[in-house]
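2 protein chains.
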Amino acid sequence: MFTGLSAFPLTPLIEDRFDEAAHAGLITRLIDAGVDSIGALGSTGSYAYLDRDERHQVARASVREADGVPVVVGIGALRTSHVQALAEDAQQAGASAVLLAPMSYQPLTDEDVFGLYEDVTAELSVPLVVYDNPGTTHFTFSTELYARIAALPNVAAIKIPPVPLDAAAARKRIDAIRALVPGHVSIGVSGDSAASTGLNAGCQSWFSVVGGTVPEAVLPIVRAAQEGDPAGALAHSERLRPLWELFAAHGSLRVTAAIAEHLGLVAPRCLPRPVLGLSTSQRENVVRVVEELHLS
Amino acid sequence: MFTGLSAFPLTPLIEDRFDEAAHAGLITRLIDAGVDSIGALGSTGSYAYLDRDERHQVARASVREADGVPVVVGIGALRTSHVQALAEDAQQAGASAVLLAPMSYQPLTDEDVFGLYEDVTAELSVPLVVYDNPGTTHFTFSTELYARIAALPNVAAIKIPPVPLDAAAARKRIDAIRALVPGHVSIGVSGDSAASTGLNAGCQSWFSVVGGTVPEAVLPIVRAAQEGDPAGALAHSERLRPLWELFAAHGSLRVTAAIAEHLGLVAPRCLPRPVLGLSTSQRENVVRVVEELHLS
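So the protein sequences, as listed, match chains A and B. Heads up, the first sequence stops at 296 in the numbering used here, and the numbers go up one at a time, no gaps. Heads up, the second sequence stops at 296 in the numbering used here, and the numbers go up one at a time, no gaps.
Hints may be right or wrong, so weigh each one.
Derived coverage of chain B by chain A (criterion: at least 3 residues anywhere in the stretch with Cβ under 8 Å from a Cβ of chain A; other residues may be distant) [what the hints assert, rightly or not]:
{"hint": "1", "region": "78-87"}
{"hint": "2", "region": "107-119"}
{"hint": "3", "region": "133-139"}
{"hint": "4", "region": "270-276"}
Non-contacting residues of chain A with respect to chain B, defined by C-beta distances greater than 10 Å in every case (computed) [said to hold, decoys possible]:
{"hint": "5", "residue": "ARG64"}
{"hint": "6", "residue": "ASP175"}
{"hint": "7", "residue": "ALA176"}
Derived from the structure by calculation, the hints contain no laboratory data. Ideal Cβ placement from N, Cα and C applies to all residues, glycine included.
Assemble the whole structure, with the sequences as input and the hints as a guide.
Pasting the structure below:
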């Protein structure tokens, strides 16, 4: 389950409510494209903004529409007991695995975060992906903390932040993680623009934002890396450079939502307020890149 | 309402549930000490960790126990529609004002944050305090954004982060805010260790963490500043230096919770997991300071 392309769709809203029809359409595109797994309720899926009922509904809909393709469901929340309740809901919905980021309001210590994973993994009956996203959680994992958490039961993968763009530096980073984290725990990369470098450096999977909306644009990167063609993977990624530049300027979530809105896959203003979509002029740049790259 | 000491009590938990009896005891201490207002469900009150029902319960209990002293209720949440629902609940509970921080998961832009305040203030019938706490929200207000938000209806105060410890620098900062923010909007300082400096520099109130647990230790600071005795305010604050050093080392919330636990005001481990309390050796330091300063 933790190899290849793990595609993270948006959880589109319409009038501040879950747009189940649009969501079903997004999942169907992923299945048709042949992604390896689906990441429901990731950061791209706005998990942090949805209430428990909405998240249960999204998890159930994702599993139903995924038609047997494994679904990883995000269970992050600020309070441990809420995470545990969300883990129960996700398992009941048929999740193949759960994804947990250490969301924070008060800054967390290493002991807090270890305790969170200890409490949650103790009650799980599906594998857990440790989700390291310092840009949203404001928590920084050390490699030593990865290793402590990787020794807990049910920990199956770590979703790491972007690797350095330099191939040797990326390899060094993955080797340093692998030196402490046992082989049964998969390492997956996030940060779409550096994903080809991460896959070439030994990451077994790519947890992808844009792959959840336009999977056909990014699958060639993954397949090239898997087939032992690092130059091909880099070339396929390089083709998408205008997209990576938009991500760097505006964030991957807002750009991906604008792409989905432009392609008519979701209703306008599909993100949860207060997160506004891109401005009119920013959207014009997105449309230009969508057309240039033939994204569809 | 937005002058003097605004005391922010903990929302103590027991076995992961709201400890209403301990909370009532905390509020009674504040009333008996003569604080000017009570800040329920601030960061110190763990608002971000509680669900809507718990928050409604805490708001109602705070107003009831406050016995006529104004209660400001925190309504922050990640999603605008959730904030609006919490604002309704707070008003129904009898809040005299509401306090709103721009909580974030996805990084927010100035336009997002302005839109949040615009949406929320449009429906309010009580005053709103803008809550600027970059350490927890990871959003940085510009003074210009203060000014834009201050022009919205119902905006009555701004709770600013710690001022510089240097008196001239603090005065310069407050003057710069006051140059853009109209006089009907009160400026209150937070960050307990620099509060005396902030009050001396012209802040009209102090939104205090430790004042919510041991109000008698800090009221002399406020009263001295109000009586035009800046040296007295600084001296009263200087007396508490060992406390400020603990705050700098471990954060004001964890230290204040440890004080409340040591004094028997709340049950052990009163904070919401994953936020663990202080370690045994850290607690020993807290106890030493509590005794040295005769906190009770």
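So, going through the hints one by one against the coordinates:
Counting residues of the region 78-87 of chain B whose CB falls under 8 Å from any CB of chain A gives 5; the rule of at least 3 is met. Counting residues of the region 107-119 of chain B whose CB lies closer than 8 Å to any CB of chain A gives 9, so the stated coverage by that chain holds, three being the minimum. Here the region 133-139 of chain B counts 3 residues with a CB under 8 Å from a CB of chain A, which clears the bar of 3, and the coverage holds. With 5 residues having a beta carbon nearer than 8 Å to a beta carbon of chain A, the region 270-276 of chain B meets the requirement of three or more and the stated coverage holds.
Against chain B, the non-interface label of ARG64(A) holds: every CB pair exceeds 10 Å, the least being about 25 Å. Separation of ASP175(A) from chain B is adequate, the least Cβ-Cβ distance of about 30 Å exceeding the 10 Å criterion. At the 10 Å boundary, the C-beta of ALA176(A) stays outside the reach of chain B, the nearest C-beta of that chain being 26 Å off.
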